[in-house]
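Colleague: Chain by chain, the residues:
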Amino acid sequence: MTGLNGSQRPDFAAIAQSIKRGAHILDLGCGDGTLLKYLQQTRSVTGYGVEIDDGNVLACVNSGVYVIQSDLERGLAEFADHSFDYVVLSQTLQAMRNTERIVREMLRVGRAGIVTFPNFGYWKNRLQILRGHMPVSENLPFEWFDTPNIHLCTVADFEKFCGERGIRIVGRTVLTDGRTVNVLPNLLGELAVYQFGG
Amino acid sequence: MANGKTHDLTKSVGIVKPQTARFTAPLPLRGGAMLHDYELVYETYGTLNADRSNAVLVCHALNASHHVAGIHADDPDHTGWWDNMIGPGKPLDTSRFFVIGVNNLGGCHGTTGPLSINPDTGRPGGGDFPVVTVEDWVDAQARLADQLGITQFAAVMGGSLGAMQALAWAIRYPQRLRHSIVIACAPNLSAQNIAFNEVARQAILTDPDFHDGNYQVQHAVPKRGLRVARMVGHITYLSDDEMANKFGRQLKHGKPGYSFDTEFEIESYLRHQGNKFADYFDANTYLRITKALDYFDPALEHGGSLSQALQPVAAGVLVISFTTDWRFLPERSREIVRALLDNRARVTYAEIDAPHGHDAFLLDDVRYHRLVAAYFERVHREIAP
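Chains F and S, in that order, give the protein sequences.
Start counting the first sequence at 0; every next residue gets the next number (numbering that gives the first Met the number 0).
Start counting the second sequence at 0; every next residue gets the next number (numbering that gives the first Met the number 0).
FYI, nobody ran anything at the bench for these hints, they're computed from the structure.
Warning: the hint list may mix true and false statements.
To spell it out: a stretch of chain S is covered by chain F in this simulated footprint if at least three of its residues, at any positions, have a beta carbon under 8 Å from a beta carbon of chain F; those stretches are [unchecked claim]:
(1) 177–188
(2) 213–226
(3) 372–381
A short list of chain S residues far from chain F (calculated; beta carbon distances all over 10 Å) [what the hints assert, rightly or not]:
(4) G13
(5) D138
(6) F195
(7) Y257
For glycine and all other residues, C-beta sits at the position ideal for the given N, C-alpha and C.
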């Protein structure tokens, strides 16, 4: 959804590292199925992608990824409670209209949830705002007037969001240029990967 | 299924010839009756490969037949009902797959049905021909597969009632198909669906020419009933928008005549469809096929749990629905998807945004056809040696 559909996004490796081998996975907003394909190859996972776009659904069929065409905003009614080990929402949270609902649905359907999102608190984003403009970067490639990203947040915002709702964060990796950031992640991290449970 | 276009032979399976398979082992029917001796008429396109792994069975819906693709030498205007889907270079590519179309039991296109002569009486079975079900059809198709030496289909495919057969195949013979392609389907009929079928049946049953189903002996044909039955059916195949686009409130003669002649274009269309149908379709067959639709309900034997009913499914399943299909709503397809997900089946689901209603499964739609083509590409890779 952020326009990054390359063969390997920086968050993919972090997601792969945070899941068990052979897990059953639901990838929400799976795009052309690249992540699931990658996880099938690297972690022997099984599972499905959920995708709304016709072209992406076709791409999933082409690449042998099992895909369910559906609008995430409608919830995950097709999926039973706790039927997946992990429910992944990579680079899509910020484009969801109903953020809280999808996070709740992820926890209903999966034993754990994994979200990745561009950290709006990254210093380069702050700098662009200081200069008077909405940030545009590799991770936030859209201009303000045509962005699908309506719910951007910072690392600190997401942790506050989870804390207030009793959502337990069980893992966090913050990345810049593919490398893990351990110091001042909300300032120095470009991309956040969170794993959480109910 | 209007099919008035001239046939383009470059992407066609060309001239095809129906064949007949005879069966002498009795077939027990779900309704309790037994068929002792029966024939199935079928057509095949493409070539069965050496390890017999590339066969695809195409199941027909309400009014169609074994004539799925190509043309008959003696009737070049009558193109197979799914010719846009099946042929060389088409989504179901006959240069790769060996495709079989079969007329179902109780049919009126050569397969044993109400028109067939009952050997015990020497007369057409007519109204005495038993009620047949989707499961009976599938069992008969499995015997045809036996006879053709096909132990496992690469795929079984169908739309609407044909899709119910594809689904029933995956439940009844899980090891005998690699993939099930279920298009514009429902896991059972809604009360509204059954209601429409019942209106159609009543039209036939109350036609004075029906004679309790034994109209052939009386040299009569309940054409009026068949016409109305088909008209009712046709209303449910099209979306409201599609009807509005095609016909709107257009009048045949430009201004109202304040009479009961065909005035609106939609009336003219429905009457035309009804007349055409009454000329070639058998009323007893129509009654039985609508009943087969009504009775289809795999969840029934499992306390209403479709998930349990679909537990045996081992095939990969492609489920496709169409957004404007109000006969079998996308929600109904989602019920099937959900039950397959409960069983962790290898399911793929696509919801095609098409304006045509239920009939969309028979029409050209780039997204729909591309998707089916991509799926068969995958099936092809799977069976490639």
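Colleague: Can we confirm that no CB of chain F comes within 10 Å of the CB of Y257(S)?
Modeller: 48 Å, holds
Colleague: Please settle this one: G13(S) was flagged as non-interface, so is its CB more than 10 Å from every CB on chain F?
Modeller: Since the minimum Cβ distance to chain F is about 29 Å, G13(S) lies beyond 10 Å and the statement holds.
Colleague: Beyond 10 Å from chain F, beta-carbon-wise, is F195(S)?
Modeller: For F195(S), whose nearest Cβ neighbour in chain F is about 27 Å away, the distance exceeds 10 Å, so it holds.
Colleague: Please count how many residues of the stretch 177–188 of chain S have a CB within 8 Å of a CB from chain F and say whether that reaches 3.
Modeller: violated (count 0)
Colleague: Tell me whether the statement that chain F covers the stretch 213–226 of chain S is true, taking a Cβ distance below 8 Å and needing three residues at minimum.
Modeller: It is violated, with 0 qualifying residues against the three required.
Colleague: Please count how many residues of the stretch 372–381 of chain S have a CB within 8 Å of a CB from chain F and say whether that reaches 3.
Modeller: holds (count 4)
Colleague: Taking the shortest Cβ-to-Cβ distance between D138(S) and chain F, state whether it exceeds 10 Å.
Modeller: 29 Å, holds
Violation of the numbered hints given earlier is confined to hints 1, 2; the remaining hints are satisfied by the structure.
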